[in-house]
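Visitor: Line by line, the protein sequences give chains A and B.
To convert, take the position in the first sequence, counting from 1, and add 12; that gives my numbering.
To convert, take the position in the second sequence, counting from 1, and add 218; that gives my numbering.
Derived from the structure by calculation, the hints contain no laboratory data.
Note that the coordinates shown come from a computational prediction; the quantities given were computed from them, not determined experimentally.
Just so it is clear, CB atoms sit at the ideal spot from N, CA and C, and this is done for glycine as well.
Treat the hints loosely; a few may be bogus.
Restricting the straight-line Cα-Cα distance to at most 30 Å, the calculated cross-link-like pairs of lysine-lysine (DSBU-like) are [what the hints assert, rightly or not]: (1) B:LYS777 - A:LYS60; (2) A:LYS60 - B:LYS273; (3) A:LYS100 - B:LYS273; (4) B:LYS777 - A:LYS100; (5) B:LYS890 - A:LYS100; (6) A:LYS60 - B:LYS1028; (7) B:LYS273 - B:LYS361.
Between beta-carbon pairs, the in silico distance windows are [to be verified]: (8) A:LEU21 - B:ASP760: 21 to 31 Å; (9) B:THR420 - A:PRO102: 23 to 33 Å; (10) B:ARG973 - A:ARG109: 25 to 35 Å; (11) A:ASP94 - B:ARG973: 29 to 39 Å; (12) B:LYS1003 - A:ASN80: 49 to 59 Å; (13) A:ILE17 - B:LYS1003: 41 to 51 Å; (14) B:ALA589 - A:ASN80: 35 to 45 Å.
Listed below, chain by chain, are the residues.
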Amino acid sequence: MTEWIDVGLITDIPVQGSRVIAGPAGDIAVFRTANGSVFALRDRCPHKGGPLSEGMVHGNAVTCPLHNWVISLETGQAQGADQGCAGKIPVRIEGERILLAASALHRYAA
Amino acid sequence: MPRKLVVVGNGMAAGRALDELLSRVPDAYSVTVFGAEPRVNYNRIMLSPVLSGEKTYEDILIHDDAWYASNRIDLRCGVAINHIDREAKQVVGADGSVTDYDALLLATGSSPFILPVPGANLPGVVSFRDLDDVEAMLASTRKGGRAVVIGGGLLGLEAAAGLAVQGMDVTVVHLTPTLMERQLDPSAGYLLQRAMEQRGVTIRCGANTQAILGDARVSGVRLDDGEELPADLVVMAIGIRPNAGLARAAGLQVNRGVLVGDDMRTSDPDIFAVGECVEHGGVCYGLVAPLYDMAKVAAARLGGDATARFSGALTATRLKVTGVDLFSAGDFDDGGDRQEVVLRDVARGVYKRVVLKEDRVVGVVLYGDTADGSWFFDLLRRGADVSQMRDTLIHGQSFAVGAPMDPVAAVAALPDDVEICGCNGVCKGKIVQTITGEGLTSLADVRAHTKASASCGACTGLVEKLMALTLGTAFAPATVEPMCGCTDLGHDEARRLIRAGALKSIPAVMQELGWKTSGGCARCRPALNYYLLCDWPEEYEDDARSRYVNERVHANIQKDGTYSVVPRMWGGLTNPRELRAIADVAERYDIPTVKVTGGQRIDLLGVRKEDLPAVWADLNRAGMVSGHAYAKGLRTVKTCVGSDWCRFGTQDSTGLGVRIEKFMWGSWTPAKVKMGVSGCPRNCAEATCKDVGVICVDSGFEIHFAGAAGLHIKGTQLLTRTATEVECIEVIAALTQLYREQGRYLERMYKWADRVGVDAIRAAVVDDAGRRTSLFERFVVSQRKAQVDPWAERAGGRDAHEFTPMANLKLLEAAE
Chain A
13 MTEWIDVGLI TDIPVQGSRV IAGPAGDIAV FRTANGSVFA LRDRCPHKGG PLSEGMVHGN
73 AVTCPLHNWV ISLETGQAQG ADQGCAGKIP VRIEGERILL AASALHRYAA
Chain B
219 MPRKLVVVGN GMAAGRALDE LLSRVPDAYS VTVFGAEPRV NYNRIMLSPV LSGEKTYEDI
279 LIHDDAWYAS NRIDLRCGVA INHIDREAKQ VVGADGSVTD YDALLLATGS SPFILPVPGA
339 NLPGVVSFRD LDDVEAMLAS TRKGGRAVVI GGGLLGLEAA AGLAVQGMDV TVVHLTPTLM
399 ERQLDPSAGY LLQRAMEQRG VTIRCGANTQ AILGDARVSG VRLDDGEELP ADLVVMAIGI
459 RPNAGLARAA GLQVNRGVLV GDDMRTSDPD IFAVGECVEH GGVCYGLVAP LYDMAKVAAA
519 RLGGDATARF SGALTATRLK VTGVDLFSAG DFDDGGDRQE VVLRDVARGV YKRVVLKEDR
579 VVGVVLYGDT ADGSWFFDLL RRGADVSQMR DTLIHGQSFA VGAPMDPVAA VAALPDDVEI
639 CGCNGVCKGK IVQTITGEGL TSLADVRAHT KASASCGACT GLVEKLMALT LGTAFAPATV
699 EPMCGCTDLG HDEARRLIRA GALKSIPAVM QELGWKTSGG CARCRPALNY YLLCDWPEEY
759 EDDARSRYVN ERVHANIQKD GTYSVVPRMW GGLTNPRELR AIADVAERYD IPTVKVTGGQ
819 RIDLLGVRKE DLPAVWADLN RAGMVSGHAY AKGLRTVKTC VGSDWCRFGT QDSTGLGVRI
879 EKFMWGSWTP AKVKMGVSGC PRNCAEATCK DVGVICVDSG FEIHFAGAAG LHIKGTQLLT
939 RTATEVECIE VIAALTQLYR EQGRYLERMY KWADRVGVDA IRAAVVDDAG RRTSLFERFV
999 VSQRKAQVDP WAERAGGRDA HEFTPMANLK LLEAAE
């Protein structure tokens, strides 16, 4: 059975923004989209390791601040012609609180 | 030896007559043109979009200086003609010049009718006739306040809509019970009134102006029922009167206008007249299409064609108010012998009325859906018998002639002689022939060759469909590169529509301009954020979520996710206290690299994100602020030591650099702006490869701009010279403001200058003192909110969420 870890309130994240969770195997970026969905990805662009948490959030995607790769928040996959995947961390929302799947936090060791 | 043609007047009719003449007999005449306005030939019917901000003066130019030069036309701008000596065949100018003619063309136009009421000549009372009027109105709109427009006809409503868009509180005072009563029946007038009211314009129909109030300047309007409407600006738009005074004084036959025959000759066979100054068959015309017809006939006659005739014209009217579709043609007085067909769709705001007489269309009003305007107008013009299609006539072309058609098929079904462009009288057959005959593939080419859609532009869609029909897949309509995949609009169009629609937030822009994505993308959002910040400096709140990370956290992200921090050093000057503080910060926060930059300051590289607020607090304490080394904005002003120390220095270049930097820091621009000030032409500050560079000389300051030394290497161009530092700073600020207003996001100054032309920039910020002053003032206004040190704000706690993790789960591993 999946263990879920409470990491904070949805309102801790700006709309169309992101916050970082310092995880045991590296940083996790948690995103909040314009229509209120929450997603979590490993905070490393598959291209050159750019911090996705610093990118611009638009629709259900984020543009990496280093070289403008566009990464799907739903799948972690790079969009368009680019190839690569930032690891996706399952998210559960309970009321106003954000929970991340504990097992996934360890999965992506650097 | 060419004959001498003198043209008096340089409006649209004169411009068109010259076009026609040159295309017929390019070398037959040596031409001199006198224009009372100090400008070249522009498209007067497009003044409304200029007022509303949807177009600029440059957009509506018809003939520029180069056109006159290349056609060897002697243009005398700003010179009115005072007298015609028909005996000697000479005209005498207001400047005293005497010019001989073999043929004379009068195109003196018309003057706005000014109500003969007290106060009509107070400052602040304007008409809506030429660019000076528009500029006077725009100057008023910058101060805000109230405007009263007298006259609810075509011009008055376009003026009212434009002023409302520019932020004024507008009331239209109209004599009769409904708007545009000459073109519209009361029902359509009512719909129009409602649409204007939805645009924030107050409409007062059945109201008669008794006096204009005010002492030194207009303060209001009094109606004949005693009510007083306060006003900071009054626009008179109640009609025009032909300018026939010159002709009358010369002894030509004049009634309301200058009388002409079908050959456009006046009572003197060597003198022709065209345009709004003319009366033909008892009618004076004020719409562009018949004026162009007259121009064509006059040119044909001048070119030796003895058969060309002007036989009067039916005119159609379109209102140029964005979002209000209105078309009217012909006449629709009630009469026993007339029948009408009306379609009303209240929910869609559509109203159509066709007036028939003996099975022929004599009048048509379309409101809300004007797509069939050309088709109805063609039926009207041809006097076609419509008895066979009367049942479906009101539903327009696609029903009347068969099953509903797609838009291109509808155009295909039009007969060749149907008029597509009402302004220029161009029919379908002519456009198709020209496209195939000349091998045209772009809209611009079709406009250049046929003039179709080149005036008011309302038929652009039809012309494009004709091109699609004629060229098939060879036609690629998109000529403007869209901002990004979220929209079809280019940067310039989006920006104009932001201003014109007074759109003041990113969601409003995306909603009103039909963005195809819900939240934009990383290309359009920063651009829109910049445009909104630039256009509404006092109202718009910056959207941090539409900023690149560097501008959001006010530092430069490095490849390992750490940041670099560059404090401002004004003009490259520093001191022991600042240097000590920098050294302390570098040690305290383990900053691995300290480097001197090319812009004469010091870069601290490898700062951890969470340390940024503390680093800034320490630097702030030593008096240093952000150097904006990350910004699409003013970066550095590099200087040399100038006359303080250097034996060659001619001026205090260091001091000037500091003053420029202190005045301009914090301003956001389309892309980064780097400046330099050198104290002499040896140019140690390398000012001639900057976006803006000043070279000090003994007599003052040379201002250079549009250089670059990055991806491209480009020397600057000289903009102008000034004698004083104050003037120098004013020119630089005005230049920067023009760039802020015209530059596309991420377009460096040198690319902007290549695109719009150095001469146009110089004309705006050097030659036109008024424009320079207003640009300078707008820059000053925007600086009020811009000059806040972002580091101090964030060291004080702003956006703290940017710099701390939301949760720390690193201990999880140990716990397991």
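Visitor: Please list, smallest to largest, the hint numbers that this structure does not respect.
Guide: The structure breaks hints 2, 3, 5, 9, 10, 12; every other hint is satisfied.
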